[in-house]
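If you're matching them up, the sequences are chains A and B in order. With numbering that gives the first Met the number 0 applied, the first sequence corresponds to residues 0 to 491, in that order. With numbering that gives the first Met the number 0 applied, the second sequence corresponds to residues 0 to 491, in that order.
Hints listed in this document are in silico derivations from the structure and should not be mistaken for laboratory results. Values in this document were obtained by computation on a predicted structure and should not be read as measured data. Watch out, some of these pointers could steer you wrong.
Copies of the same chain are indistinguishable here, so a pair counts whether it falls within one copy or spans any two.
Stated by the list, open to error - List of simulated lysine-lysine pairs, DSS-like, C-alpha gap at most 27 Å:
# : residue 1 : residue 2
1 : K86       : K105
2 : K329      : K46
3 : K105      : K348
4 : K113      : K409
5 : K429      : K451
6 : K56       : K21
There are 2 protein chains.
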Amino acid sequence: MSKNLTSRDQDYSKWYNELVVKADLAENSAVRGCMVIKPYGFAIWEKMQAQLDIMFKETGHQNAYFPLFVPKSLFEAEEKNAEGFAKECAVVTHYRLQNDTENPGKLRVDPKAKLEEELVVRPTSEAIIWNTYKGWIQSYRDLPLLINQWANVVRWEMRTRLFLRTAEFLWQEGHTAHETRKEAMSEAELMNNVYAKFAENFMAMPVVKGLKTESERFAGAEETFCIEGLMQDGKALQAGTSHFLGQNFAKAFDVKFTNREGKQDYVWATSWGVSTRLMGALIMTHSDDKGLVLPPKLAPNQVVIVPIFKSEEQLEEISEVVEGIVNDLKSQGVSVKFDNRTTFRPGAKFAQHELQGVPLRIAIGPKDLENGTLELARRDTLTKSIVKLSEIVATVIDSLDQIQNELFQKALKYRDNHITEVNDFDEFKKILETKNGFISAHWDGSSETENKIKDMTKATIRCIPLDNKVENGRCVLTGRPSTQRVLFAKAY
Amino acid sequence: MSKNLTSRDQDYSKWYNELVVKADLAENSAVRGCMVIKPYGFAIWEKMQAQLDIMFKETGHQNAYFPLFVPKSLFEAEEKNAEGFAKECAVVTHYRLQNDTENPGKLRVDPKAKLEEELVVRPTSEAIIWNTYKGWIQSYRDLPLLINQWANVVRWEMRTRLFLRTAEFLWQEGHTAHETRKEAMSEAELMNNVYAKFAENFMAMPVVKGLKTESERFAGAEETFCIEGLMQDGKALQAGTSHFLGQNFAKAFDVKFTNREGKQDYVWATSWGVSTRLMGALIMTHSDDKGLVLPPKLAPNQVVIVPIFKSEEQLEEISEVVEGIVNDLKSQGVSVKFDNRTTFRPGAKFAQHELQGVPLRIAIGPKDLENGTLELARRDTLTKSIVKLSEIVATVIDSLDQIQNELFQKALKYRDNHITEVNDFDEFKKILETKNGFISAHWDGSSETENKIKDMTKATIRCIPLDNKVENGRCVLTGRPSTQRVLFAKAY
Chain A
0 MSKNLTSRDQ DYSKWYNELV VKADLAENSA VRGCMVIKPY GFAIWEKMQA QLDIMFKETG
60 HQNAYFPLFV PKSLFEAEEK NAEGFAKECA VVTHYRLQND TENPGKLRVD PKAKLEEELV
120 VRPTSEAIIW NTYKGWIQSY RDLPLLINQW ANVVRWEMRT RLFLRTAEFL WQEGHTAHET
180 RKEAMSEAEL MNNVYAKFAE NFMAMPVVKG LKTESERFAG AEETFCIEGL MQDGKALQAG
240 TSHFLGQNFA KAFDVKFTNR EGKQDYVWAT SWGVSTRLMG ALIMTHSDDK GLVLPPKLAP
300 NQVVIVPIFK SEEQLEEISE VVEGIVNDLK SQGVSVKFDN RTTFRPGAKF AQHELQGVPL
360 RIAIGPKDLE NGTLELARRD TLTKSIVKLS EIVATVIDSL DQIQNELFQK ALKYRDNHIT
420 EVNDFDEFKK ILETKNGFIS AHWDGSSETE NKIKDMTKAT IRCIPLDNKV ENGRCVLTGR
480 PSTQRVLFAK AY
Chain B
0 MSKNLTSRDQ DYSKWYNELV VKADLAENSA VRGCMVIKPY GFAIWEKMQA QLDIMFKETG
60 HQNAYFPLFV PKSLFEAEEK NAEGFAKECA VVTHYRLQND TENPGKLRVD PKAKLEEELV
120 VRPTSEAIIW NTYKGWIQSY RDLPLLINQW ANVVRWEMRT RLFLRTAEFL WQEGHTAHET
180 RKEAMSEAEL MNNVYAKFAE NFMAMPVVKG LKTESERFAG AEETFCIEGL MQDGKALQAG
240 TSHFLGQNFA KAFDVKFTNR EGKQDYVWAT SWGVSTRLMG ALIMTHSDDK GLVLPPKLAP
300 NQVVIVPIFK SEEQLEEISE VVEGIVNDLK SQGVSVKFDN RTTFRPGAKF AQHELQGVPL
360 RIAIGPKDLE NGTLELARRD TLTKSIVKLS EIVATVIDSL DQIQNELFQK ALKYRDNHIT
420 EVNDFDEFKK ILETKNGFIS AHWDGSSETE NKIKDMTKAT IRCIPLDNKV ENGRCVLTGR
480 PSTQRVLFAK AY
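Bound conformation, chain A alone (with noise of 0.2 Å):
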């Protein structure tokens, strides 16, 4: 394991993508696009996975399995939906390979073996889903209903980026059926609510709540909720989405219901996703260069134990005292490992430490157990502090919870450093090329004037906040009159 990152300053892109290799996160395969998401990464993952579920459970909602599979004519229902997706399907078209005569040892498809009808990898679920919902749902006793799916999806995209997009990511998708327009709608901001708690309170992450502009929007979708993060180089990061759906999908599906008057309406519907984009929204929003930084809550190991010693018997001494203390800890809920491997030195084991963002580093050594002592070093600020044996436990406790605040508050600090209002174009490019971040600006509401300004300067809205102050403005650009600012920026 090569040790020296790319700084960050020095180029941040390429900072990223060794972080992501060297820090035994993921990987690129042999599948175009197609990442290996690493054990160390997927436990990551894993933790993640765990909390969401159980916030989306809290909230009501269960889970099920849909195919993996579109049948071409469900996924062309919806138009919009089907149109948003086309250009980036991966297309099954057979369901046999066989020997190629022409080629000893190697296989073909098998020519007879052609599907009467193209299935599409999913590249997200409405589909097949609400073509489900069609059997499930005769009257208003059977709504809401709250479904949500873990899963794999497709997407073809052309530029792939390890975790930021990659064209098979890993995902939940939840989708709703429910009686009311404005039902769907509480549903819809509910569960952004639900995501942007999670990105605070779990990944340390600040983000803005806010709608999508038209143009923005989910394919099929009326309204998009959102949750934007700031990345450290200063461009936005779309965290999460929840769509309302009003009738687009119970109309193309023709799902109906008896409503409570005893008449037949169409299901008005949400659907939300989260991704393993989250990851890469995790390690740029704490990360420095000497590796990864974890919020503990997040962190496969919140401590690791590294010994100091020279001789077995020292080895041995260590380890009983060490027991104990990963007893106490464990017994706290705190996940702890004692890297107790011969194959490798302190030095080494602390490098790999640092480099995959273990919160909190415990190091002891036979003059350690002689004074009763420990050295805690914490992975965030760097720094390293002599702490009583009889006091361990606490002191974890403590710094686990001071980490987690503080990596909150620095990114928020960040962040609210990097929202910037601005009054007219030349203020605004001269932002974007020297500071970044987020421009706060008023807009005329008009997609040609969002497309100018996405094409001129690379910044596209990234949200409407949902807390936005009425004002009275001029449009950045076109000095029409604006009621509000939306923000601006570069983004992943």
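We have chain A already, so just place chain B on it with the hints.
Same frame as chain A, now just chain B:
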């Protein structure tokens, strides 16, 4: 929900199909051979997953994730494996759809978006994983590599049945790499033992641990361990397999390591998996003509409480008492649901929970409040008893233990009664036609004989039991000498 199931005696296969759908476990989808796992069914699968995941981690395994797609050139690298799965592969040939100019509003495959190399949707992941391991393994220090993946896989089966055989299914696949043949063999047997423990202690399903014959082995394996269950119709069901892969995949993908003597050697491999097929096994092992019967350890709701009331006032009084019971049970780790829906009558609720196999049902009405009692009903035995309110928590906990044990004992008795020692071929055929179940018979060890017996009777060798005793005898078909009995059965 129509109440009456076809009985098992009448038509076992129809009973199964009806039960899966009526108990809300799964249903067929719009995609040929693919199922939708409904929330109730998925909740059972989640309980299985959670327990298996714990057992994998306890035995030192970590989770990771590998791509859904396998490039054809990798797929064909291990010849036997490729040959075994080539005939049932879904193949992605294109990555884009376009507007169908001849059919406005419809889409068609874009001929310009043909992949240079076709992608196979993984039927199993040895190929893509061993191609990845090549980069991860250099030295014995990198071994053992103990990795598991939870994933969906696709095998284009011609005849499908919900859970038992579906084109797409969910599973876990362990893929491990070792320094020595011996260590890999131990791993394969260890994981087969983990499966057996899970089957017996959680699914309450007795299994025979054994080895597969050459013709029943996994394509590419040198030895396949398996666990075999016996369903109530006397047919066997392969519930899990664990393969010793020798150095086949290491050679196919050139995965060498520097061993402890400093020499280059090929790595030794195992793979092992269980799938949503276990759902089918669980259903068929315990359920009866009234519906699903679930062992408490895998029941999403172990206890359901149904209030019997005529007025809102009564419901309120009952709810107050129930709230206390629910809290007490939950604090003891019992999962309990208070079914206080006002849209259904108690009779309908009873029927639903019976059909869905909730292990214990508590009914509580105004008279119970007066008497300080409750009615407790067991799903497995369909017996009812009156329990004092003060004793309900202890009684529930005892009853759940009892049900779990008695379901296993009942299934074990059935299974043991359906292992018949047979010494001539007429008897073999007669037993298959009348009693069914496992037939323990001598076999001459040749694939030829095995195939003949299969052709004549549809019975296959399910396994060579691991605890077999040496016993001289003569092959039940050919009369050739044999040193042990093997288990034949018709199988799912």
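A quick look at each hint next to the structure:
no.	hint	in the structure
1	K86 <-> K105	between (31 Å within a copy, 14 Å between copies)
2	K329 <-> K46	both (17 Å within a copy, 24 Å between copies)
3	K105 <-> K348	neither (45 Å within a copy, 58 Å between copies)
4	K113 <-> K409	neither (56 Å within a copy, 48 Å between copies)
5	K429 <-> K451	within (17 Å within a copy, 82 Å between copies)
6	K56 <-> K21	between (35 Å within a copy, 24 Å between copies)
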